[in-house]
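J.: Chain residues, written in single-letter form:
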Amino acid sequence: MPRVTYIEHNGAPHTVEVPLGLSVMRGAVDNNVPGIDADCGGECACATCHVYVEEEWLPKTGLPQPGSQEASMLSFAAVAQPNSRLSCQISVTDALDGLVVRMPEGQH
Amino acid sequence: MNAPVGIDPHADAWNRPLDSFDMSDPRYYQDDTWQPYFERLRREAPVHHTADSAYGPYWSISRYKDVMHCEVNHAVFSNEIGGIQVEDQPKDMQRPSFIRMDPPKHDEQRKVVSPIVAPANLNNMEPLIRERTRRVLDELPRGEVFDWVEHVSVNLTTMMLATLFDFPFEERRKLTYWSDVAIANVNAPDAPVRSEHERFDELKNMAEYMSRLYEERRNQPPKFDLLSMLAHGESTREMPLREFMGNLALLIVGGNDTTRNTMTGGLLALNEFPDEYRKLLTDHGLIESAISEIIRYVTPVIHMRRTTTRETEVAGVRIPAGAKVVMWYVSGNRDEEAIEDPNRLVIDRRRPRQHLSFGFGIHRCVGNRLAELQLRILWEEILERFPMIEVVGPARRTYSNFIHGFRSMPVRIPA
Numbered sequence: 000m001p002r003v004t005y006i007e008h009n010g011a012p013h014t015v016e017v018p019l020g021l022s023v024m025r026g027a028v029d030n031n032v033p034g035i036d037a038d039c040g041g042e043c044a045c046a047t048c049h050v051y052v053e054e055e056w057l058p059k060t061g062l063p064q065p066g067s068q069e070a071s072m073l074s075f076a077a078v079a080q081p082n083s084r085l086s087c088q089i090s091v092t093d094a095l096d097g098l099v100v101r102m103p104e105g106q107h
Numbered sequence: 000m001n002a003p004v005g006i007d008p009h010a011d012a013w014n015r016p017l018d019s020f021d022m023s024d025p026r027y028y029q030d031d032t033w034q035p036y037f038e039r040l041r042r043e044a045p046v047h048h049t050a051d052s053a054y055g056p057y058w059s060i061s062r063y064k065d066v067m068h069c070e071v072n073h074a075v076f077s078n079e080i081g082g083i084q085v086e087d088q089p090k091d092m093q094r095p096s097f098i099r100m101d102p103p104k105h106d107e108q109r110k111v112v113s114p115i116v117a118p119a120n121l122n123n124m125e126p127l128i129r130e131r132t133r134r135v136l137d138e139l140p141r142g143e144v145f146d147w148v149e150h151v152s153v154n155l156t157t158m159m160l161a162t163l164f165d166f167p168f169e170e171r172r173k174l175t176y177w178s179d180v181a182i183a184n185v186n187a188p189d190a191p192v193r194s195e196h197e198r199f200d201e202l203k204n205m206a207e208y209m210s211r212l213y214e215e216r217r218n219q220p221p222k223f224d225l226l227s228m229l230a231h232g233e234s235t236r237e238m239p240l241r242e243f244m245g246n247l248a249l250l251i252v253g254g255n256d257t258t259r260n261t262m263t264g265g266l267l268a269l270n271e272f273p274d275e276y277r278k279l280l281t282d283h284g285l286i287e288s289a290i291s292e293i294i295r296y297v298t299p300v301i302h303m304r305r306t307t308t309r310e311t312e313v314a315g316v317r318i319p320a321g322a323k324v325v326m327w328y329v330s331g332n333r334d335e336e337a338i339e340d341p342n343r344l345v346i347d348r349r350r351p352r353q354h355l356s357f358g359f360g361i362h363r364c365v366g367n368r369l370a371e372l373q374l375r376i377l378w379e380e381i382l383e384r385f386p387m388i389e390v391v392g393p394a395r396r397t398y399s400n401f402i403h404g405f406r407s408m409p410v411r412i413p414a
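So the sequences go chain by chain: R and X. Numbering follows numbering that gives the first Met the number 0, in which position 16 of the first sequence is assigned residue number 15; successive positions increment by one, without gaps. Numbering follows numbering that gives the first Met the number 0, in which position 169 of the second sequence is assigned residue number 168; successive positions increment by one, without gaps.
Pulled out of the complex, with its shape left as it was, chain X reads as follows:
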């Protein structure tokens, strides 16, 4: 099934037979037409089976509470058996990483890197993030159109990545490139790689480059960057090549893409809801709750996938062992049973932190506080210097069913 251009998504979503639903088609997210389809699934088939798709058969979980159920039952819903995306990694090109592991190995490796985002270290990083954010914003043109993705979102998150890895600063665009390679849908017209083989080869190049830095760090006393932590960590210092590739890609994508797209999606959302933008402009005390609400509204990760270790039941529906189960975060975050008026951005809503964007349970986003810190500083500094920044043309979205992203977004800061 597909989402042809030129049809009304509302009419199509409510008229098409339920058994033809396939929300793994990346065009729903590129075209931003997914909402009515999930609204119907939540109402009529919250645990839904797609018998055939480009990625084989799979189950869709679309309600907030059912996603939460799968998240906390990691003994039944495994990350290790089939990975975390509806699309399988090809059998001969698998790249394990701790997000694709179950306990106990997951726990051991996660604990190696998690201190980098501990509260004390975030406090240490704050002045550097703020200084860079100020510099980037001060250099933006006034009264002319420019691409927010390139000049702000990519620029800031790339510098952050370079710091986290203590990566040669002048070569930092390599990190953004590898991040794009790691998550690209190889069928997208603007994909940096065109096949799984190309992807594997590029990530191998990444691993080779990184292994030089890794060796250096291994021979130095432990430092507070991700490569040094991996090189000295008991459960990570002897990783096979593919696991090294997998964990690097995980940390690069996790530390970059999600925040990058939330920096873009947040400005777009505030333009879609100008009353909320005005509220924020007049009351900077709302920044913190606005950040959580933006993270919910944008939902930078579209889905996470699990595989059942045994026969189970979700909301009364029987799911067999070995089944592919897709938890649609985009849908759970718009579930009217869990969130009041979910399709509106409301920057001062009650309990703004209750959203699915970071996931829950043992695989909950390890860097969620760093992401919030970067976004808070960005908006504090924006509100400090600019009136309303206008989005002046359509944002171009990413062709992906996994990363809810933006390729470009034209904006103008009033002169």
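Here chain R stands alone, though its shape is the one from the complex:
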């Protein structure tokens, strides 16, 4: 099973196994990884599963399509950066085994 590492804003890492096809958000929520709220449950409607994707993984996760719902929701997030994604929109594949994402200061 692919492994994903979530690094909290205070630096604490959490590595968990996430079944193929589930979202990176679901991997955090199902394993009680703190720092991801996912208020809307994965509908891309709240921007509370916001993560920063580590640079070396960006080619594999990609960035939100301009004009997409994800880009629109992220544009309202308080602390968005160029490597911001909503983790409910990243589906776990074998190619993402080892993925590292960081949490923002707050989910907003």
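If you're looking for bench data, these hints aren't it; they were derived computationally from the structure. Just so it is clear, CB atoms sit at the ideal spot from N, CA and C, and this is done for glycine as well. Hints may contain errors.
[To be verified] Here are the computed distance ranges between Cβ atoms for each label pair:
1) R:61 <-> X:191: 49 to 57 Å
2) X:283 <-> R:90: 34 to 42 Å
3) R:2 <-> X:239: 52 to 60 Å
4) R:82 <-> X:80: 48 to 56 Å
5) X:335 <-> R:90: 28 to 36 Å
6) R:61 <-> X:335: 35 to 43 Å
7) X:350 <-> R:8: 43 to 51 Å
8) R:8 <-> X:80: 35 to 43 Å
[As the list claims (entries may be wrong)] Take a look, some chain X residues computed to stay more than 12 Å from chain R by CB distance:
9) 70
10) 71
11) 79
12) 102
13) 162
14) 203
15) 280
Dock chain X against the given chain R, drawing on the hints supplied.
T.: Only chain X this time, still in chain R's reference frame:
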């Protein structure tokens, strides 16, 4: 149709013909009889058409997942065409604000004010909110009955508003008054304004008062208050009068009324479910999830309205273009398909943050974290000093189909 006094709402809800349902009648919320009607709608007509009401024909969306569908499809369900309430603003008295806009203008204006509730700024505000909350609670009488709405909910949220606007502190009750003016149902017996004209005139007075502060801020370097942000924001510094009125009313109501009523409704809910109150008293670690659960249970905004930009379908029902669509948050938050045992307050439920009270999608409540912060501090400080605060008489609710509010609630803190 109406909800006459003295009839059994359960029997009425299940016996009356579905086509006579009109949940826009404010008495359902003032009398707190809405639940069985929505239970039937969710089960038998989750996408329901009311052919005639005081506000014209409209569609009702009552299930959680269907509300979510409308929320995320903002290209089909517009805020700009008809506004956000089942009741239209009169054509010659419209007051645009960013919640009544679609992209791109909505996005530009929202981004001007959103930094005030960014995580770092909330951290900065926390000590001030806590100090005020302590002072208000320490001054409350013990062993005698007083009005929780006036002494706690209005008092605390008014001070918060004064801070957000950097408004003259000693005049802060003006803000509460304007908030009441902005949302009042003009037919309510205790409404501060009696007609749409009166409302418009009072909000114009508000805009005139505020424009003096706005001009001052414009001529000063940018500061971290809402008026300064509007005065310096690229998409807000040249607003026409009505848009200024609309955006101020939006920020005042949004920053005040909803939190105020959740402060009251939360204490009432914990009194209705004393086992949950006891759980909270013994385990303060539950405060955070209790706050989310209270926000769901209270649902301080009853509905939001959209207007269809084209013909569409919701849950298999065809809705024509140009239709008024009402998303009933009160109902979606009690949808048994989405939330287990939804009519109970359960302060340690799984996933307490999954509720509709803040809305979803691009119009999701911008101040939701500030609201949660104020409520968390309030309950931390309450639990720190008081045993169970008793609600000792009926709470008087607001006559409104939009704001789920309280006018008064008698309580007593044991001596």
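J.: Against each hint, give a clear statement of whether it holds in the structure.
T.: To see whether the hints hold, each was checked on the structure:
Between residue 61 of chain R and residue 191 of chain X, the C-beta spacing of about 53 Å keeps the proposed range 49 to 57 Å intact. Separation of residue 283 of chain X from residue 90 of chain R is about 39 Å and conforms to the stated range, judged on CB atoms against 34 to 42 Å. Taking the beta carbon of each, residue 2 of chain R and residue 239 of chain X are about 55 Å apart, inside 52 to 60 Å as hinted. Checked against the hint of 48 to 56 Å, the C-beta distance between residue 82 of chain R and residue 80 of chain X comes to roughly 37 Å, which is inconsistent with it.
Our hint of 28 to 36 Å for residue 335 of chain X and residue 90 of chain R holds, since their Cβ atoms are close to 30 Å apart. For the pair residue 61 of chain R and residue 335 of chain X, the supplied restraint of 35 to 43 Å holds, since their beta-carbon distance comes to about 38 Å. Range check, residue 350 of chain X to residue 8 of chain R: Cβ separation about 22 Å, and the 43 to 51 Å hint is violated. For residue 8 of chain R and residue 80 of chain X, the hinted distance range of 35 to 43 Å is satisfied, since their beta carbons lie about 40 Å from each other.
Consistency note on residue 70 of chain X: stated as away from chain R, yet its beta-carbon is not over 12 Å from all of that chain's, at 6 Å minimum. Look at residue 71 of chain X: its CB is around 5 Å from the nearest CB on chain R, not clear of 12 Å, so calling it non-interface is violated. The beta carbon of residue 79 of chain X sits about 16 Å from the closest Cβ of chain R, which is more than 12 Å, so the claim that it is off the interface holds. Consistency note on residue 102 of chain X: stated as away from chain R, yet its beta-carbon is not over 12 Å from all of that chain's, at 7 Å minimum.
Annotated as non-interface, residue 162 of chain X keeps its C-beta farther than 12 Å from every C-beta of chain R; the closest such distance is 19 Å. With 12 Å as the threshold on Cβ separation, the claim that residue 203 of chain X sits away from chain R holds: the shortest Cβ distance comes to roughly 30 Å. The non-interface label for residue 280 of chain X is consistent with chain R: the shortest C-beta to C-beta separation is roughly 25 Å, beyond 12 Å.
Going through the hint list in order, the structure does not satisfy hints 4, 7, 9, 10, 12.
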